[in-house]
Every structure is written in C-alpha cells, then in structure tokens.
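Start from the sequences and build out the full structure, keeping to the hints where you can.
One line per chain: the protein sequences are A and B, in this order.
Take the first sequence: its letter number 179 is residue 179 in my numbering, and every next letter is one higher.
Take the second sequence: its letter number 223 is residue 223 in my numbering, and every next letter is one higher.
Some hints could be false.
Claimed, not checked - Far from chain A by the CB rule (all over 10 angstroms, computed), these chain B residues:
hint: 1; residue: 28
hint: 2; residue: 58
hint: 3; residue: 124
hint: 4; residue: 139
hint: 5; residue: 290
Stated by the list, open to error - Not everything, but these chain A residues come out facing chain B in the computed CB check (under 7 angstroms):
hint: 6; residue: 84
hint: 7; residue: 211
hint: 8; residue: 212
hint: 9; residue: 306
Worth flagging that the hints you see were computed from the coordinates, not collected in a lab.
Think of the CB as a built atom: it goes at the ideal place given N, C-alpha and C, for glycine as much as any other residue.
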Amino acid sequence: MRDYLLRRLVSVIPVLFLVSLMSFAVIWIIPGDPTAAFLDASSTPEDVARLREMLGLDKPPLVQMAEWYGRVLTGDLGQSILLRIPVLSAILERLPLTLLLATLALILAVGLGVAAGTFAATRRGTWADQSVMSLALLGLSVPDFWLGLLLIVVFSVQLGWLPSGGYVPLLDDPLGWAKSMVLPTITLAVVQVGFIARMTRSAMLDVISQDFMRTADSKGLSGLYIILRHGLPNAMMPILTVTGIIAGALLGSAVVVEQVFALPGVGRLIIGGILSRDYPIIQGGLLFLTVIYLLINLVVDLLYATIDPRVRLE
Amino acid sequence: MSMLKVENLTTVVGSGASAPSVLEDVSFTLDAGEVLCVVGESGSGKSMLALTIMGLLGFPVRRAGGRIILDGDDITAGGTSAWRQRRGRDLSMIFQEPMTSLNPIMRVGEQIGEVLRLRKGMSADEARRRAVELLERVEIPAAASRLAAFPHELSGGMRQRVMIAVALAAEPKLLIADEPTTALDVTIQAQILDLLRDIQAESGMALMLITHDLGVVAEMAHKVMVLYAGRVAEMADVKTVFDAPAHPYTQALLASIPSLDSGGDRLVTIPGSVPGVGLMPKGCRFAPRCPHVKEACRPAPPPLAILEASQSVACLRPFGYVRREETPTHG
Ligand SMILES: Nc1ncnc2c1ncn2[C@@H]1O[C@H](COP(=O)(O)OP(=O)(O)OP(=O)(O)O)[C@@H](O)[C@H]1O
Ligand code: SF4
Ligand SMILES: [Mg+2]
Chain A
1 MRDYLLRRLV SVIPVLFLVS LMSFAVIWII PGDPTAAFLD ASSTPEDVAR
51 LREMLGLDKP PLVQMAEWYG RVLTGDLGQS ILLRIPVLSA ILERLPLTLL
101 LATLALILAV GLGVAAGTFA ATRRGTWADQ SVMSLALLGL SVPDFWLGLL
151 LIVVFSVQLG WLPSGGYVPL LDDPLGWAKS MVLPTITLAV VQVGFIARMT
201 RSAMLDVISQ DFMRTADSKG LSGLYIILRH GLPNAMMPIL TVTGIIAGAL
251 LGSAVVVEQV FALPGVGRLI IGGILSRDYP IIQGGLLFLT VIYLLINLVV
301 DLLYATIDPR VRLE
Chain B
1 MSMLKVENLT TVVGSGASAP SVLEDVSFTL DAGEVLCVVG ESGSGKSMLA
51 LTIMGLLGFP VRRAGGRIIL DGDDITAGGT SAWRQRRGRD LSMIFQEPMT
101 SLNPIMRVGE QIGEVLRLRK GMSADEARRR AVELLERVEI PAAASRLAAF
151 PHELSGGMRQ RVMIAVALAA EPKLLIADEP TTALDVTIQA QILDLLRDIQ
201 AESGMALMLI THDLGVVAEM AHKVMVLYAG RVAEMADVKT VFDAPAHPYT
251 QALLASIPSL DSGGDRLVTI PGSVPGVGLM PKGCRFAPRC PHVKEACRPA
301 PPPLAILEAS QSVACLRPFG YVRREETPTH G
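Pasting the structure below:
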C-alpha cells in the first residue's frame with residue numbers, strides 16, 4: 001500500500017508541471033494585448049512599459065517561464081493588478097467558501113445519488129425504478145444557472161424563506177450561514193445527483209447479477225445486508241470514478257453558482273479576473289483549482305486501493 | 001423419515017399458466033447420511049432443481065407447484081422470508097465456479113464468519129475460532145493465516161475449499177453441490193470429492209451432488225437420479241443404475257462413457273440434443289432421440305413407475321425390451 005501511494009504521488013509530478021505551464025500560457029492564449037484593458041487614451045508609452053515590466057512581459061518567453069516556475073515553487077503567484085494584493089492571499093481568503101460549497105454539494109450529491117441509484121437497481125423494471133431514473137435524467141438536464149435563478153425566484157422572491165444571495169460568515173450568525181448555503185448547495189448538487197444515480201444504478205445492476213451475490217443469498221443473509229455489505233462495496237469503483245470527475249465539475253460549476261448567488265469565492269474571483277483581464281489572478285486561480293482537482297483524483301485512487309485489494313497489485 | 005422429500009416440483013420460466021417448464025413433476029426423497037447424485041446432459045435442469053430447492057430462483061424463473069419437505073417441514077409453506085431463514089442454517093449450497101462465487105473484495109475469514117455471526121449467533125471471537133477450525137477441516141494449510149486472505153490470493157482448488165467451509169459453517173441438514181469440481185484440474189477434483197465425501201460421512205448430512213461425470217457418480221453416490229429435459233427419467237440406487245439401467249436415456253448416457261473393459265474406444269454420443277425450453281414434445285420428452293420409441297410413447301409423458309424397490313423409471317418400454325448385456329457392442 002505504501003509503495004502504491006508513492007508511485008501514485010510521483011505520477012502526479014509531470015501533470016502538475018504541465019498544468020502550471022498551461023496556467024502560465026493563459027497570457028498568450030487569451031487574444032489581445034494583455035495590457036490594453038488597464039490603460040486608457042491618456043496612458044503614455046511609459047505607463048505601458050511599466051505595466052509590461054510588472055507582468056514580466058518585457059523578457060523573452062523562456063525567461064518568463066523560468067521565472068514563473070521559480071515563483072510558483074516558492075508560493076508566489078504574483079500581484080493582482082486590480083486588487084493590488086498578492087494573488088495567493090486573494091485566493092486563500094476566498095478558497096474556504098468555494099471548498100465548503102463544493103464539499104457540501106458533493107456530500108449531498110453522493111449521498112442522494114448512491115441511495116437513489118441503489119434503490120432503483122434493486123427494483124429494476126418497476127415504476128419506482130422508472131420514476132427515480134426519470135428524475136435523475138431531469139436533474140442531469142437542468143442548466144445550473146437556470147436552476148439557481150429558479151430557486152431564487154421560488155424560495156427567496158415568492159416564499160421569502162431563504163436569502164437570494166450573499167454570504168453570512170458562520171461565526172457571526174450560524175442560522176444565517178446555513179440559510180445562505182442551502183440554495184447554492186442544492187443548485188450545485190442537482191446535476192451531479194442525477195449523474196451519480198445513473199452510474200450507481202448501472203454499477204449495481206452489474207454487481208447484482210454476479211455469482212457472489214447469489215452465494216451471499218445462499219447464506220440466508222437479509223436482502224438489505226447483502227446489498228449494503230456485498231453489493232455496494234463492489235459497485236463502489238465506478239461510483240468513485242464518477243465522484244472524482246464530479247468533484248472537478250463541481251469546482252467548475254461553483255464558478256457559475258457563486259456568480260448567481262453573489263458568494264465571494266474563488267470562482268467569483270476568477271470571473272472578475274477574466275472580465276477585467278487581471279492575468280495574475282486568472283493564472284493563479286486556474287492553477288489552484290487544477291491542483292485541487294488533481295488532489296481529489298489522487299484521493300480517489302487511494303480509495304480504490306483501499307476498497308479493492310486487487311488494485312494494489314497493478 | 002427422509003431428510004428431504006420433494007413432491008411434484010414444477011419450475012417454469014415466465015408468468016401465466018402456459019409458461020414453459022424447466023422442471024416438471026419432479027419427485028424424490030433423500031435420507032440423512034445419503035448421497036444423491038443428479039445426472040443429465042447440459043440443459044436438463046440440474047441447476048434449476050438445486051436453485052429451486054434453495055429458494056434462489058431469480059426472475060423470471062419461478063416454482064409453479066410442488067412441495068419441498070425438509071426434515072418434516074414444508075419449506076415452501078412460509079414464503080420467501082421463512083425460506084431465507086432455512087438457508088445458512090439447514091440448507092447450504094456450493095456452486096460450480098469457485099473463481100466467481102466468492103466476494104472478490106471481502107476477506108475469506110469474513111465470508112465464513114458472517115454466516116457464523118449473523119446466522120449462527122456467534123460472537124466475533126467465537127466466529128473467528130470456528131472459521132479457523134472450518135478452514136482446517138477443509139484441509140487448507142496455515143488456516144489461521146488464511147483468514148485475512150482475499151479470494152484472488154488463492155488457487156481455484158483453495159477457493160472451492162473455502163466455499164465448502166462457508167457451506168459447512170451453517171452445519172446444514174442438506175448440502176447441495178452443483179458440479180463443484182467441473183471447473184478444477186483433474187487431480188484437484190479428486191481431492192475435493194474425497195473431502196466432500198469424508199465430511200458428508202462424518203457429519204451425517206444429506207448431500208445432493210450434481211454432476212455430469214459418471215465416474216464421480218460411481219465414486220460418490222448412494223442413489224442416482226437421471227434428469228432428462230426437466231423430468232425424472234430414472235431413479236435408482238447406484239449399483240442398479242450401472243448394472244441394469246432401465247431407461248433408454250440412462251443406457252445411452254452409460255454407453256457414452258469410454259469403458260476400460262471394451263478397450264476404451266467405445267465413445268458413443270447420443271444423437272440429437274435436449275429439446276429447448278418450451279419446445280418439449282407432448283409425450284415422452286426423450287422420444288425424438290429414443291431408439292425404442294413406439295407410437296404409444298407420444299401422446300402423454302410416461303409416469304415414474306416403480307420397477308422394484310430400488311428402481312423407478314419413466315418409460316413405457318423399460319430396458320427397451322432388451323437388456324443392456326444383450327445390446328450389440330459398437331466396435
Ligand atoms: N433465466 C432463464 N430463462 C429461461 N430459461 C432458462 C433460464 N435459466 C435456465 N434456463 C433453461 O433451463 C434449462 C435448464 O437449465 P439448467 O441450468 O438447470 O441446466 P443444467 O442441467 O444445470 O445444465 P448444465 O449441465 O449445463 O449446468 C435450460 O434449457 C436453460 O436454457
Ligand atoms: S417412453 Fe418410449 S420414447 Fe420414452 S424413453 Fe421409453 S421407449 Fe423411449
Ligand atoms: Mg448447471
């Protein structure tokens with residue numbers, strides 16, 4: 001198991017290298033002169049030169065790249081042009097909210113999705129199965145920003161039960177905090193519930209038809225015990241894979257949902273950065289989200305190996 | 001009194017009165033301490049019989065009629081949950097495929113232990129000790145250290161031994177083994193069969209052993225039931241089956257094994273094949289392949305009739321009017 005962990009950790013390094021290269025290349029990928037957005041008609045050529053120097057654009061690309069890596073390795077992601085604070089602190093300040101939102105949504109999505117998918121699989125072909133799967137398909141097809149707006153209209157505007165947006169810190173007002181998180185979490189989770197439910201159902205159907213499930217039945221164990229103790233763990237591999245993918249998708253959707261619900265998270269920071277061409281923010285934000293994504297998938301792989309002893313051999 | 005008494009068992013595929021049968025009107029008895037071998041070609045319904053008795057049929061296959069009386073109680077009477085209570089206590093089964101019959105991600109000790117804890121009410125400690133004993137009983141070396149093994153760490157033979165240990169954990173009154181050695185090497189087959197016979201003899205349980213290997217029958221059986229296309233063709237004690245098979249199908253089965261005394265070159269296969277489910281002839285199901293068929297065989301299936309105390313046969317012309325010794329040999 002320790003060997004497996006080491007091998008897996010080492011394999012992350014080249015990916016990290018590539019990812020940071022791509023974050024760096026953003027500055028060339030986005031069309032237009034990176035300095036244009038910050039300058040107006042009154043800017044002198046000196047202003048332009050100063051900004052280019054600040055962004056490091058005056059040096060040859062290879063040198064720029066080397067410097068970028070050097071800085072990233074020491075944890076320095078540069079200075080936000082607009083906010084005039086270090087990118088790293090801008091991100092770290094907003095990261096907890098984004099992670100919290102994504103984690104809550106992930107827990108909700110996995111819990112509900114696995115339960116719904118398992119339920120449907122054990123009632124294959126019945127109306128219960130069909131209803132659950134139709135709901136899952138519906139959830140899967142709803143665009144997240146649209147759902148967010150719909151929830152706001154119903155629960156904030158019409159019913160007035162929940163705030164339409166904004167963030168209340170947990171320590172200031174726990175109830176207000178909980179209320180402020182409900183709609184964003186649901187919005188974020190709905191699509192993924194559908195996704196996980198469908199995946200779980202098909203994985204469980206595969207497992208249910210296998211010989212060892214009949215063996216378990218031949219032992220006189222209860223149906224629920226067989227499903228939970230023998231079925232689910234064997235269906236967990238594909239479910240975990242999907243969960244890893246979903247964790248990434250959640251980070252992406254969080255960007256949209258933070259915008260809809262006016263939550264000050266990393267997503268909103270990046271969107272703001274894109275709109276105002278604050279390159280250091282874009283670069284740093286993307287790098288951060290990708291690293292988190294990689295970490296999640298590393299954890300997923302380790303969970304594989306914990307659940308299925310055969311994985312460790314590969 | 002018989003340990004197992006099966007009466008007029010019928011198993012069908014699908015719903016409705018006209019659903020085609022995979023087992024029809026199967027009746028037999030099996031005493032404690034007895035070994036019954038069930039033989040028949042592929043598709044004759046041997047596995048269906050095992051699963052029906054275990055209560056393990058899966059949709060769309062279902063028992064449409066008949067009773068199964070285990071140690072005096074009708075286990076079909078109480079519905080599926082009462083039947084479930086019998087499994088892992090009075091009834092156990094060993095399956096054909098040792099490679100897939102064990103949960104691949106659960107430790108061997110737990111696969112035995114869950115029967116002991118959840119079905120036999122043992123504590124975790126007791127279950128552990130008993131699991132080691134069971135692994136020792138099925139002759140797995142270094143038994144205690146194997147509790148933590150996963151199935152993929154064991155050979156096919158070892159896995160089948162684990163399956164036997166799982167089945168024995170219940171201390172069943174009836175053990176059903178569905179071709180337990182078919183998937184194994186010849187040398188391992190013999191070891192596993194020896195083990196099964198020893199355990200059966202020492203525990204006194206009834207054993208229903210499904211096989212299509214007549215060599216295994218000769219080794220293991222007290223009684224033999226020959227199934228053909230879901231119906232009992234012949235039921236007899238083992239000596240009678242080999243010495244004086246009455247049903248043309250039994251005779252054909254025996255003729256299809258190479259025998260040493262005729263130089264090993266007498267490999268006759270039965271022409272034709274078992275009719276598919278739903279395509280059964282109205283009368284005797286063996287009629288299309290039977291060398292002794294007469295018009296009288298076609299209108300209705302012949303009932304299982306007692307020839308002598310140890311032999312029943314479902315045939316209108318038992319022995320085909322000709323004893324096997326008098327049949328001209330091929331070659
Ligand atoms: N789910 C099912 N639906 C329809 N027919 C089935 C189903 N399962 C089995 N059958 C049919 O039931 C008949 C009996 O099958 P069974 O598996 O009991 O044969 P068997 O004697 O065990 O053969 P083998 O020696 O190959 O194991 C076969 O004709 C088979 O095609
Ligand atoms: S009943 Fe007739 S067809 Fe059937 S086995 Fe006997 S002789 Fe053959
Ligand atoms: Mg079979």
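Give me the numbers of the hints this structure contradicts, sorted from smallest to largest. 2, 6 and 9
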